[in-house]
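Undergrad: According to mature numbering (1 follows the signal peptide of the UniProt record, and there is no 0), the stretch in the sequence shown is residues -27 to -1, 1 to 556, in order.
Please keep in mind that the hints were generated in silico from the structure rather than gathered at the bench.
Cβ atoms here follow ideal geometry from the backbone N, Cα and C, with glycine treated the same way.
Please note that the accuracy of each hint is not assured.
[Claimed, not checked] Restraint-style ranges between C-beta atoms, simulated for each label pair:
#1 T471 to R405: 13 to 23 angstroms
#2 S484 to L423: 49 to 59 angstroms
#3 P189 to N382: 51 to 61 angstroms
#4 Q282 to G118: 31 to 41 angstroms
#5 A239 to A200: 43 to 53 angstroms
#6 L507 to G307: 28 to 38 angstroms
#7 D182 to Y26: 12 to 22 angstroms
#8 N347 to Y26: 50 to 60 angstroms
#9 K429 to N347: 23 to 33 angstroms
#10 N16 to D60: 15 to 25 angstroms
[As the list claims (entries may be wrong)] Heads up, simulated BS3-like pairs for lysine-lysine below, C-alpha to C-alpha not over 25 angstroms straight-line:
#11 K106 to K139
#12 K494 to K459
#13 K439 to K479
#14 K439 to K461
#15 K480 to K518
#16 K139 to K52
#17 K160 to K261
#18 K358 to K522
#19 K139 to K64
#20 K372 to K323
#21 K429 to K472
#22 K459 to K499
#23 K383 to K372
#24 K472 to K551
#25 K414 to K429
#26 K479 to K506
#27 K551 to K499
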Amino acid sequence: MSRKTFYKLLSLLAIIGLLQTQAIAFADKGDDSIEQAQHIQVNQSYAGLLSDYNDANYYHFRLDTAGQLDVTMPNVSGKSWRYSLYDGTGKEFPWYAYTSYSELAKGDSVSSVGLPAGDYYLRIGRYDGDLTKTPYSVQLKFTPGDTFEKEANDTLSTATIISVNKNYQSRLQYYSDVDYYKFSLTKSGKASIILPNVSGISWRYQLYDSEGNAFPWYNYTESNELAKGNSISTVGLPAGDYYVGISRYDGNVDIAPYTLQMKFTAGDTYEKEGNDTLSTATSVSVNKTYDTALQYYSDVDFYKFNLAQSGKLSLVIPNVSGISWRYQLYDSEGNAFPWYGYTNYSELAKGNTVSNVGLPAGEYYVRISRYDGNVSGSPYSLTLKFTPGSTYEQENNDKLSAATPIAVNKLYESGLQHYSDYDYYRFTLTSRSVISIGQIKGYADQSLYLNLLDSKGNYLDTSSGKTTLAAGTYYLTFSGNAGDYKFKVNAATLPLSTKQVTIVNKKGASSDTVTVSSIKKGDVIKAYSKQGKLLGQTTVASGTKATLKLTALSSIGGELYVSLTSAGLQESGKIAVKYGKES
């Protein structure tokens, strides 16, 4: 009898002994090649024996539906079986496993893998120890379902297709294994990648667009000693196809399963990655709050918005202790405004940072980036609050040629964006007027400096607080400490001269008159008592003079105070005009 025949006989006797103690089916051949593989069923136990050092047994099985396969083999001290999986074409999966053979080995080794429906092969061979006299048992436990990974999915083209808002069970089979998943978003919204935190083990995950381009960031799960819960990375995305790749970051990942969920909330108030350039900026609307996050240290988010009319824009971003976002405005051509701001990150930071700026109608961009702290993955909200109106500064107005046009006698809101900012304004007088500038500081110790210039940019003297200007175009400049402020160009009518006013004081209740000459249509004449009481007024209907009838002049004579108000201007100063006793 040959040695090989002798070992075969011993194998048969050992298996018969195993069958007498276990309710398992006998894999009578377990032949040595895929072509001769014995067909077996899932969810049944089979026994086998390796006849020599190099022997291997092959088994064929079929899955009628997708699900999870658990390859289960016993652990035996000093002996170990190696098992590997093949697809229906006979291609070996790029991993294998082996049973435990430590001194205290007990129980079973179980390897789990998600698989699509199809034909498969299992190879069992020697890993360690003398196995010729020790039979093994093997069971292919199968759990059907569509929430398992489908190997092999280690390339983008073989990615497992998953749905959002479902949990998928999976595992990395070996040190350098990668699992790819493909998902589709029919609408834009917020996607959250959720993976478990496990002490001593960390998975790395990265997002890809529909063309397989990796987003310029990745994350990994927590692996410290007290790790618990989940790692969640949130990103706003437009509708489309995406991929996520899962790989090892730290620890022995092939011993632990993981659960993957792509949680998705549809909506149009989320950032749309990648928006890290002006050309890929997320389009947003004013007066809406958008939720977003910077994904890594040097990430940048760009947003594009449109103003249908001029007005005041308020950039509103939350304050977070230890974390600060930097924000900067760009015009429609992508030119950065010469200033930026950042949020408060002090220990007691709360509320929002609000930056106000007046803008003309047009398209704009805002850029959000890191200023301080660990912003990666920390959510922030962005609100572009807009108040339309014509009484706001219009940036950029930091030179004469870009001066904001304003009207006299209107209150304007504005702001110096930084310590070296200059605001220029342009106004026109249609007639000779008395000018003064009223201003309201944004805060008590704010320093504001103003200058008045003529149409050629020459400085005019305003030291007296009031100045008389001829008809024409003028400029006003503000500089000083950064902050909001308000101002108004007060333009008043020139006072009358006493030669223009004639007062007639006659006997009779309605015979007194005040006549003003050298005036024009639309001018308003007012007469006051010495105590400031308005005695009467009239508007010039036509011609160059007007007469106002009065009933309260003193019979012994006295003084009247008369003013003139021209269209578009404030009331002039009052002049005192004496009149005689009744005649």
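Undergrad: Hints first: check each against the structure and report whether it holds.
TA: A quick look at each hint next to the structure:
1. T471 to R405: 13 to 23 angstroms: 18 angstroms, holds
2. S484 to L423: 49 to 59 angstroms: Because 50 angstroms falls inside the window, the suggested range holds.
3. P189 to N382: 51 to 61 angstroms: 54 angstroms, holds
4. Q282 to G118: 31 to 41 angstroms: 57 angstroms, violated
5. A239 to A200: 43 to 53 angstroms: 31 angstroms, violated
6. L507 to G307: 28 to 38 angstroms: With a Cβ separation near 58 angstroms, L507 and G307 fall outside 28 to 38 angstroms, so the hint is violated.
7. D182 to Y26: 12 to 22 angstroms: 51 angstroms, violated
8. N347 to Y26: 50 to 60 angstroms: Roughly 56 angstroms apart at Cβ, these two residues keep to the hinted range, so it holds.
9. K429 to N347: 23 to 33 angstroms: 54 angstroms, violated
10. N16 to D60: 15 to 25 angstroms: 21 angstroms, holds
11. K106 to K139: Status violated; Cα separation ~47 angstroms.
12. K494 to K459: 33 angstroms, violated
13. K439 to K479: 39 angstroms, violated
14. K439 to K461: 13 angstroms, holds
15. K480 to K518: Holds - the C-alpha atoms of K518 and K480 are around 24 angstroms apart, at most 25 angstroms.
16. K139 to K52: Violated: K139 and K52 sit about 41 angstroms apart, past 25 angstroms.
17. K160 to K261: 19 angstroms, holds
18. K358 to K522: 54 angstroms, violated
19. K139 to K64: 31 angstroms, violated
20. K372 to K323: 36 angstroms, violated
21. K429 to K472: 35 angstroms, violated
22. K459 to K499: 31 angstroms, violated
23. K383 to K372: 22 angstroms, holds
24. K472 to K551: 11 angstroms, holds
25. K414 to K429: Violated, because 28 angstroms separates the two Cα atoms, which is more than 25 angstroms.
26. K479 to K506: 21 angstroms, holds
27. K551 to K499: Holds, at roughly 15 angstroms.
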